[in-house]
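Engineer: Now for the letters of each chain:
There are 2 protein chains.
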Amino acid sequence: MPYTNRQWRLATRPVGMVKESDFELAREEIPGVADGEVLVRNLFLAFEPAQRGWLDDVKSYIPPVQIGEVMRASAVGQVVESKNPEFAEGQLVSGMLGWQEYFLTDGTPGPFGGLSRVPDGVPPQRVLSVLGGTGMTAYFGIHDVHPVKEGDNVLVSGAAGATGSVAAQIARIRGAGKVVGIAGGPDKCRWLLEEAKLDGAIDYKNEDVLKRMREEFPNGVDLYFDNVGGDILDAALLAMAEHGRVTMCGGISGYNAEKPPPGPSNIMQVVIKRLTLRGFILFDHIANAGQAIADLAAWSASGEIAVEEDIQEGFENTPKTFLRLFEGKNLGKQLIKIADAL
Amino acid sequence: MPYTNRQWRLATRPVGMVKESDFELAREEIPGVADGEVLVRNLFLAFEPAQRGWLDDVKSYIPPVQIGEVMRASAVGQVVESKNPEFAEGQLVSGMLGWQEYFLTDGTPGPFGGLSRVPDGVPPQRVLSVLGGTGMTAYFGIHDVHPVKEGDNVLVSGAAGATGSVAAQIARIRGAGKVVGIAGGPDKCRWLLEEAKLDGAIDYKNEDVLKRMREEFPNGVDLYFDNVGGDILDAALLAMAEHGRVTMCGGISGYNAEKPPPGPSNIMQVVIKRLTLRGFILFDHIANAGQAIADLAAWSASGEIAVEEDIQEGFENTPKTFLRLFEGKNLGKQLIKIADAL
Chain A
1 MPYTNRQWRL ATRPVGMVKE SDFELAREEI PGVADGEVLV RNLFLAFEPA QRGWLDDVKS
61 YIPPVQIGEV MRASAVGQVV ESKNPEFAEG QLVSGMLGWQ EYFLTDGTPG PFGGLSRVPD
121 GVPPQRVLSV LGGTGMTAYF GIHDVHPVKE GDNVLVSGAA GATGSVAAQI ARIRGAGKVV
181 GIAGGPDKCR WLLEEAKLDG AIDYKNEDVL KRMREEFPNG VDLYFDNVGG DILDAALLAM
241 AEHGRVTMCG GISGYNAEKP PPGPSNIMQV VIKRLTLRGF ILFDHIANAG QAIADLAAWS
301 ASGEIAVEED IQEGFENTPK TFLRLFEGKN LGKQLIKIAD AL
Chain B
1 MPYTNRQWRL ATRPVGMVKE SDFELAREEI PGVADGEVLV RNLFLAFEPA QRGWLDDVKS
61 YIPPVQIGEV MRASAVGQVV ESKNPEFAEG QLVSGMLGWQ EYFLTDGTPG PFGGLSRVPD
121 GVPPQRVLSV LGGTGMTAYF GIHDVHPVKE GDNVLVSGAA GATGSVAAQI ARIRGAGKVV
181 GIAGGPDKCR WLLEEAKLDG AIDYKNEDVL KRMREEFPNG VDLYFDNVGG DILDAALLAM
241 AEHGRVTMCG GISGYNAEKP PPGPSNIMQV VIKRLTLRGF ILFDHIANAG QAIADLAAWS
301 ASGEIAVEED IQEGFENTPK TFLRLFEGKN LGKQLIKIAD AL
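For the record, the sequence lines run as chains A and B.
Reading the first sequence from the start, the letters are residues 1 to 342 in the working numbering.
Reading the second sequence from the start, the letters are residues 1 to 342 in the working numbering.
These are calculated hints, taken from the structure and not from any lab test.
A pair holds if it fits inside one copy or across any two, identical chains being indistinguishable in the list.
Keeping only pairs whose Cα atoms sit at most 20 Å apart, straight-line, the calculated SDA-like set for lysine to any residue is:
no., residue 1, residue 2
1, 273, 56
2, 59, 241
3, 19, 313
4, 83, 30
5, 259, 230
6, 337, 316
7, 273, 219
8, 149, 200
9, 273, 241
10, 59, 219
11, 19, 70
Same shape as in the complex, but just chain A (with noise of 0.2 Å):
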C-alpha cells in the first residue's frame, strides 16, 4: 500500500542563526513495503543542539547533511508495516529516523545505527529524552570524563537543559557536595531548586554570573560541566578552584554564529589554575550504552532524576521547534509528537 511521506529537508546551510526557511517541506510517495523491509510511522521527533553543527558544511565527527537530505534527527517511531521477520507491526522504535513522517529500513544498522526497540513499559518519548542521547551524553559525562567525586563543589550550565539537567541531578545522586544549575530565567531556575533539587540556580539573563557562582562556591568549583561554553565559560575560569575539571560537552552559545566567536580570554586561568578541560561525544561511550540506560531509567522511574519534556505538536511546526533551542525556550528536552500511537 502506498503512503505519502511528508519530510523536511535541508535547503540552504544556514548563515549565522539557523531559519525556518533554511529548511523546505517537500513529499514524497512511497510505493510500498518489498520483502525484508520495515516501515517506521515516526511519532516523536528529538532535538538537540549539536544539530546545528551538522548542518555546517566543515569536517566534524559526523559528516554534514547534504543540502536536499531529510534533516538528521533521532526520533521515536512505530512499525507500521513490516516484511521483516525482527520487527512486528506495532512495534515500537526508535533510531536515526529523520524529521519526516515515516522512515522505510530493511533494518539494518546504518551509519547512524539501526532501529532499536523502546523498552516496554516506558513511554515512547523517554528514549529520546533523559533514555537517550542526552540523557547519556550527561551520564558518560559525569562518570567517564571527570568522573565525580564525593563532596565535589559542581556547576553545570544548561542545567534546565535536556544534557544540564540529567547531568546536575546525576552529580547529586553520586555525591557532589553541592550542585548549581546556570539556567536563563526563573522558570528555570525554580524548576533547578524545586524539581531537581539542586543545592543553587544561576539565572543568566538577571544575575551577575561570576558574582554568582563566586558567592555559591567560595571556595571554587571542582567539576563545572559545561554546555554552553562563550561568556560563562569564561566566568567560570574564573571561578574554578585550583585544580578544577571542566568537562566540555558543547558550547550553544557559538552554534549559531558566523564565524566561531572569540574564546574564553580566561583561558590562562587553565595554567593558574591548573585545571583540565576535557572534552567529549558521546559515540566514544556508546558502548556502555547498557549500563548507562539501566541506571537512567531506574533513576527516572523512582523520581531521583526528575525528567521534563517539552514537546511541541505538528509535523509543519518542526523547524520552528528546532529553533527553540536557540531561543533558550525549552525546559528539558525538546521533542516533538508528530503522530500518535496505534
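Fit chain B to the supplied structure of chain A, relying on the hints for placement.
Structural biologist: Same frame as chain A, but now just chain B:
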C-alpha cells in the same frame, strides 16, 4: 664590613607592555653580616615570562611583587661573607635572590625557597637554565602532565625558548614519533633543526602556521606543548588529532596585554576532537625535582640535549634584558651576568 647593594625595584605596575621605566634603580647599604647570616653576591640573574604575571596586582599562584619591592627572580651567586656554619665563603648558591647585587639571608628557607648549593662541576648559570625552573618545567610537562607516548606526534611552541627547547628535546629522547618546534625567525628555526635535532621547525613570523602544522602532521598532533597561547594555540586546536592532549605551560603572547586578549576561537575543537587540555605550574611537581635535575644534568652533559643560554651583561641592563623575552630576542634561556665568581 659594609656593602653597597644596588637593586632594581618595581616602581609602577606596568600597563600593557612592560617598560624599563616600570623599574627603578635603588641603593641600599648593608652595614654588615650578623651572626647566623650569609651574604651572597649575585652572579647571574634569570628571566622568565611568568615574571611578567607577578607584576600585576591580581590573585595568582603566588602573591604579586609589591611596588617598591626588589623584583623577584631566581639567580645564582657566591657566598662572600658567612657567619652561618651551613655556608662557606666562596660557595656557589642559587635561589630567589632577586634583581640585586647582594642578597643577605639567615639561610632559612623563605616563602620562595632558601639557598641551594650549586653542584660541583656544573657551570653556575646552568642551575638557572636547563637545571633550573624552566628546565624542570619542561621535564614535568613532558613526563607528568601529559606523558609523551612512544610514537606521539609532538608540537611545541616557544620551541627556541628556555622551556620549549628542553621540552621538545625531552620528547625526542622519550620516544616521540616526530617533534616539530615553532619559533620566530630563521635563526631560531635553524637552531631547532641543527642543534636541538628536531624533525621540523615552523617559523611563525614568516610562515602560515596552520598550513605548516597540517603539512608536518597530516594525521594530526597528538601532544601539543604550549608556551605561547594566542593565535598559535588557536591554530593548534585545528591541527590536533582526535583525542589529542594539550599541555598548557604558558601564554607569553598575552602576558603584556592590557586586558586578557580573546581566547581561542576554536575552543569547540576540544569537544569535537575530544581533546584534553591541562595546565600546570612547576611548584606542584617540585617534590620530584631530584630526579628531574639528575636526568637533565645527564642529558645536557652528554649532549643529548642542546642547551642554549642568552647571556647579557651589566646590572644596569637588567630591565632591558627582561624585555628581550617579550621582543622574542632570546634564543634559549635569558640570563644576565652581573659579576664574576671569585
